[in-house]
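Protein chains in written order, with the numbering used here: chain A, 1 to 333; chain B, 334 to 707; chain C, 708 to 1153; chain D, 1154 to 1451; chain E, 1452 to 1687.
To be clear, the hints were calculated from the coordinates, so they are not data collected in a lab. Be aware that one or more of the hints could be misleading.
Said to hold, decoys possible - Just so you have them, the derived chain D footprint on chain C, three or more residues with Cβ under 8 angstroms:
#, region
1, 946–959
2, 1015–1021
Claimed, not checked - Pairwise CB distance ranges (calculated):
#, chain 1, residue 1, chain 2, residue 2, range
3, C, W898, B, K502, 45 to 51 angstroms
4, D, F1170, E, R1666, 43 to 49 angstroms
5, B, A599, A, V90, 44 to 50 angstroms
All residues carry an ideal CB built from backbone N, CA and C; glycine is no exception.
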Amino acid sequence: MDILNALVAILNFVVIPAAAYGAQLALGALGVTLIYGILRFSNFAHGDTMAFGTALVILVTWGLQALGISLGPLPTALLALPIGIALTSVLVLGVDRAVYRFYRRKRSAPIILVMASVGVMFIMNGLTRLVIGVDEIRFDDGARFLISVQQFRAWTGLSEGLSLRVSQALTLVVTALACWALFRFLNRSRAGKAMRAYSDNEDLALLSGIDPERVVRLTWLIAAALAVTAGTLYGLDKSFKVFNYFQILLPIFAASIVGGLGNPLGAVAGGFIVAFSEVAVTYPWRKIAAYLGFETDGLLQLLSTEYKFAVSFVILIVVLLFRPTGLFRGKSV
Amino acid sequence: EEIKMGISLGLTGPLESISPAMQKGAELAMKEVSDSGKLLDGSTIVPVVADNTCADAAASVAAVERLVTAEGVKGIMGGMCSGETIASLERVGVPNGVVMISPSATSPALSTIDDKGFFFRTSPSDARQGEVMADIVLERGIKSVAVTYTNNDYGKGLADSFAEAYKAKGGTVTVVSAHDDGKADYSAEVAALAAAGGDALVVAGYADQGGSGVIQGSLDTGAFETFVLPDGMVNNVLAEKFGTQLETSFGQNPSAEGEGHEKFEALAKEAGFDGTSAYAGESYDASALMLLAMQAAKSSDPKVYKDKVMEVANAPGEKILPGELAKALELLAAGQDIDYVGATSVELIEPGESAGVYREVDFKGGKLNVVGYR
Amino acid sequence: MSNTRQADAVSPWRAPFLFLILVALFVAEGTMRNALFSGSWNTALAILNMGLISAIMALGVNMQWGYAGLFNAGVVGFLALGGLAPVLISTEPVQGAWAAGGARVLVALVVGLGTLVLAAQVWRRFSGPLRVPALIAVLIIGFVVYRGLFDPAVMAIEANDSARTGNIGGLGWPVLLSWPVGALFAAAAAWGVGKVALGLRSDYLAIATLGIGEIIVAVMRNEEWLSRGVKNVSGIPRPVPYELDLQNSPDFVARAADWGLSPTVASGIWVKLLYAGLFGLVLLGLILLAELALKSPWGRMMRAIRDNETAAEAMGKDVTRRHLQIFIIGSAVIGLAGAMMVTLDGLLSPTSFNPLRYTFLIWVMAIVGGSGNNWGAALGAILIWFLWIKAEVWGPEFMRLVTAPMPEGVLRDHLLGSAPHMRFIALGLVLLVVLRFAPRGLVPEK
Amino acid sequence: MKLGGLMIQVHDLQKHFGGFRAVDGASLTIETGSITGLIGPNGAGKSTLFNVIAGVFKPTSGRVMMAGEDITGLPPHELFRKGLLRTFQLAHEFSSMTVRENLMMVPAGQSGETLINTWFRRRRIREEERALRKKADEVLEFLTISHLAEEKAGNLSGGQKKLLELGRTMMVDAKIVFLDEVGAGVNRTLLGTIGDAIVRLNKERGYTFCVIEHDMDFIGRLCDPVIVMAAGKVLAEGSADSIMKNEAVIEAYLGTGLKNKVAAEVAEEAAFAESHGAQPGLGSEAGHGGDGKPEGGL
Amino acid sequence: MAEPYLSATDMRGGYGKADILNGCTLTVERGQIAVIVGPNGAGKSTAMKAVFGMLNLREGSVRLAGEDITQLTPQERVRKGMGFVPQTHNIFPTMTVEENLEMGAFIRDDDFRDTMEQVYTLFPAVAEKRKQNAGELSGGQRQQVAVGRALMTRPSLLMLDEPTAGVSPIVMDELFDRIIEVARTGISILMVEQNARQALEIADIGYVLVQGANRYTDTGQALLADPEVRRTFLGG
Ligand SMILES: Nc1ncnc2c1ncn2[C@@H]1O[C@H](COP(=O)(O)OP(=O)(O)OP(=O)(O)O)[C@@H](O)[C@H]1O
Ligand SMILES: Nc1ncnc2c1ncn2[C@@H]1O[C@H](COP(=O)(O)OP(=O)(O)OP(=O)(O)O)[C@@H](O)[C@H]1O
Ligand SMILES: CC(C)C[C@H](N)C(=O)O
Ligand SMILES: [Mg+2]
Ligand SMILES: [Mg+2]
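So that you can see chain A by itself, here it is in the shape it has in the complex (with noise of 0.2 angstroms):
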């Protein structure tokens, strides 16, 4: 009984919250991954793409539930999720048009366009602020829990609780599905294997007949769509701020690199890397020690919740030490 009490506790806050941090992490990486492997740049405006595209959403699900449309127990979101997809597809085209395509045909060092992609991630992110504000939104409907504690705690009669909320599962069900997709398209499709070729050698792309401004609308599209799913499903999890989506960024970044820039694999390993250094090396063990039998003063506790950014950094430093292009070998430019 205890045992279980253990495992359940180990469960309930470790693994299902880092599960589902990862898979946020990852989803968000796979744009920033999908952006490096095709343009190569690191943009620096994905967190703020995330975070319009999802001011986007909630707009449009306010409108849907006003007008009393509902997905039951799924969040309203998922069905504003498209219009908004489609919105923030129109708005980063624009902005490829505007401002990347400058750059692109100069031939400039990716470095200037990460810099163009600050200039961006500065204007979005004030753009946002003036479509939804500043305040915190909560935008989950429909049913919240899959598992709820009290819930399980009925049902199993152990003491430790267990709880799933839909948001969790449904970002780990989407997170596999794109990373799947997303694999298999660039492998796979005539257009995706277009994308990476242009990726790998422009010249030689244009040589081939590709034509490198469809590849680039392309990835944008994919892109943006990634975005919003990611950000859309973040703040259905967690809840809407716009101060938040730029704070995610650095370990998106972090996440993408570890697994192997350019690589979706990679980035969906790389958020899971993250999001458990973070959780699970912070952890106390002193709860679980109880169960086991062993009863202490101390908190068995590695390192305090202060460094639970440094820890994951400190991992991600020593597997590029092993592993100097990340876990799956991914691109440098």
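For this one, chain A is given, so just place chains B, C, D and E with the ligands on it according to the hints.
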């Protein structure tokens, strides 16, 4: 005369969501005085707003520098966050001899700072809040708590003073751990707090920042059900967000009972903002105090009126509520004493900070209810 | 097929011209009073001072990126380390802190370092199946001993008057001395970081240094015994007189009156001018040294390494060593700037060390200025800093302009209410415009 | 050719990429003062062997000795100081530097490469630079690209980059120089001149050379001995003559001549190429006759 | 006389201010092999790029099958049936050999497995490596992949910039053989070669380019026979 008054708030950055109400609160007082036409023979007040970003001391100094040296303001309602306030006070306020009254910087460090008499605050030092909070928690029969605080001088200071007081009074603190604001995820913090255990969780954070993230995580995983919420957390937003999930939670924030507060709320509503938003009342009071001190000193020169701030704030004199600034100006002009009460029952103690009347609140029925004052 | 970028010819007058524009901006800020400028020399000089410090930071980044192609995204960490120096060197000693646990902390740190060195030795010397267990054993024993010594000492120090101090305190030495010490702190850290991470390439190095920067800042926020952590240290001594003292000196007041200035204004300007002089001196000195180095075989070698590491290595250049060298120097310069900044602020506030402001903004400065070009970096830094500060005013002003023709109503109110957020939009727009018209930076490398 | 001992000894060298054995137990020696040719089919492992010797790759196993000293796994910059130079098959120019700078950066131990000196030893640096510049200009002159001295190296044509590759090795006094296909993409007339230069450097300055090249004309004219690699191993070794007659080498590498109608005519031309008489790539050893090859041609 | 299949006449242009091409003219008849030779830096590659539309021409025109294509983008030229193997950077390094070839057939909608098999039989060395990333190949192998990629396009005009650089003699022979075969099917070939003697052997027409202008133009045999040309450009 046209008198410029500075307002220095974190309009962008980690506290951007409570700043607007604070700004409106401050401007409300200025407008009231301006409209009355009674300040220093019909002077008008022009508010000048600066964005101090709350987090970036350098940007704050630059912004306040602009207020003082470029705009020539005669006083500043601000700063907002303790760290940034200390910087702008030491670098700009004191050297230029400009009065700064902060509505919300609550760090104990500001009590001992060498301010040459230019700094006041309408909020109490967190040293006091810790004690009050410890009393409330113990009185509710909770003997063991976990503490999480937002990792800045405010959170740290408050958590420390609480933990010290609580232990001294016989409670057990299972863990004191920090959380950073604006992080993407708080699973690790929640897991650590849950593992440490405790009958309740003290969240010394910000309602629309990491604080609510931690609460959310705790509720979802069933780690804690009861939360103890100090000033940064006591907020309508929180009640709206979590509703009945906070049934057993309680807390306190600096705010005095009485008509003052209600009157302010009504005024705020009329002006189109939420008067119960954190530190909106304090902002109103901070502005009002400066303007009243000018009237009392018969001068808008901060070097002169700084000595009158304590006088107008405290007894003896006629009590002044929000919306009665015109009356106060008249009284002062007539050479009479006033005792400014304002939205937050202002009572300034040495060295120029609010004595600290706190209201105890709980969240029964998914609403923020005031239980009592202490 | 050529992948080389076409270099546009850049007029030699461009840099001086841009500097003139910059001067004009500052003069406008100092003299013109309107919606865009404040008309106060105090403001102008305040912006300039931080601009000069930013220029030094950008110079450090430029050394690492522009000369050697090293992507250091941990600027904020080295800056913070540099900022530690004024606290440790020049604040007043804390009564009883050393007695409480100073020596023990030092011993503990030595033990900690010793453990790491020993671990490294074990890793290098041992081979075979014993290697990993031995390493782990060394690390665990070292960690336990270290914590055993460290924790109680730290508790003792932090308990020492924790509301006002609670830290180890400084040495009370002149603050100017802390500047080179700050550089030294950063250099020492850079040495360690470089030894570990410099094998990584471009973006991978970036994320590793980003992490290291975060770790350094995390340590400074949480290790209260060192510099009070998030509780901040304020009142750090300065190398220039205090305004209030000047205002109280009859001499000064008289001289101010000669100039037709009020003592308050004059004292502010005078102090800032002194700072500007100090910072300007340091900046010019650094640029001079950097230019001399860059225009000599050393600079040529660095450019070769940046262009093609494999070939440079085959041509007998020790790429690893050179990378380490420039990484240390660049970081030292950043550390120096950190010490200067904390001196200027009179405040060490670790919470304010966020990467957006102190890593990415500095990068923006260096790149906008023109990477590889020292003057460019300095110019970019001062300009971007100017804009960063002025965006606070220009953003809302711009919004007012946009909404002026709109009818009264919800939309207009909403937009006006959101005016502060125009700060970001304005900044972003300016950045994009600059990059558009000078895609290789304002003053590109030749 | 007078030989003074062994410059390079490679002993049972292995280099694996994943499961693939690019170099698979190669052993060979290069004698001091020789111009050794290294030939073999594409993918035989020649460049990989070079890269291992020059310290770019760590060998999977095996040893490399230089003048009796074990240099296995030393980093390239140390090998450079020991006098081991190499060129790259795919040109590795410093693209944003001028052609002249590309050359001037080469010599080791320039006082101007020490940071302190750049501040306090300006005079000495200036003098050194003057000498270096003169030398660089001589090399450029020799390579017929003087007019490009101020051009960015990245803007050079494919062949010009190759020349620059070679030029760098001429900036210092090397003991041994590894040339990885200097000839590919270089105009044949110029290649002749380069061949002369190699011989001169070999004779006058005592450089040892190891040359990878697919142009058998060039190999035949310059190299003795010639080592043939195939599938990561040494297939044959000997004088150019003997190698070109070696059946295994012909089968794996040289082929049986240009199978078109004019092969015979080409063979005729071969006759007036003196020396070893090899007509590169044509494989028609008509001049030497009797090697039992088919006439060639379709 | 009917117009040649490709005629690029009087081309002038360059990368920056100075012109690299100074009135260079190249023509190829249908099914012919044209070979360009010349010293390094003569502008051979530049001329190829100009024909392919990767360089802005100040003067001159390019006509393909009687149609003026001077203003078309490279992509459009690909669709008009032009194929090009550049001198450097001519493979996709992180794609497998097979994918490289597939990219060659990007504009083809028909089944190209046959062609791919043909390429593999032509270059058995790369056939072994079809699942390997092209960036991991040896220099000569890459070159083979590059040529293979162009063959996959099934162009009507095939342009090769030094296809045999770094390729071993036996493969070079095969390659030239194959080029002849390809030309016999009616495809025009325009190539730059430094293995000039071998190339001119099979050339119907040869151009000697010096400083961006035609110095000699004649049949391959005639150029080979000209002692002056041999000495100064073909290495004796
Ligand atoms: N990084 C690598 N990963 C995997 N295989 C590799 C790698 N580098 C080289 N190879 C393989 O090793 C073999 C030898 O390559 P190498 O470059 O040494 O050939 P080479 O003899 O120089 O050929 P060439 O004459 O074409 O230049 C080739 O089959 C190549 O595919
Ligand atoms: N991207 C570029 N920018 C500027 N100049 C260039 C560029 N590419 C080539 N050049 C110059 O143009 C001239 C001709 O180059 P091109 O590549 O056409 O020569 P090539 O005849 O193909 O020589 P090779 O036989 O060496 O390949 C050279 O002098 C070269 O320096
Ligand atoms: C706005 C407030 C919550 C600020 C907080 N009291 C501080 O001192 O930082
Ligand atoms: Mg090779
Ligand atoms: Mg060429």
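Evaluated hints:
1. 946–959: Not satisfied, violated; 0 residues make the cut.
2. 1015–1021: Since 6 is at least three, the answer is holds.
3. C:W898 with B:K502: 45 to 51 angstroms: For C:W898 and B:K502 the Cβ distance comes to about 50 angstroms; the hint holds.
4. D:F1170 with E:R1666: 43 to 49 angstroms: Holds - the Cβ-Cβ distance for D:F1170 and E:R1666, about 45 angstroms, lies within 43 to 49 angstroms.
5. B:A599 with A:V90: 44 to 50 angstroms: For B:A599 and A:V90 the Cβ distance comes to about 45 angstroms; the hint holds.
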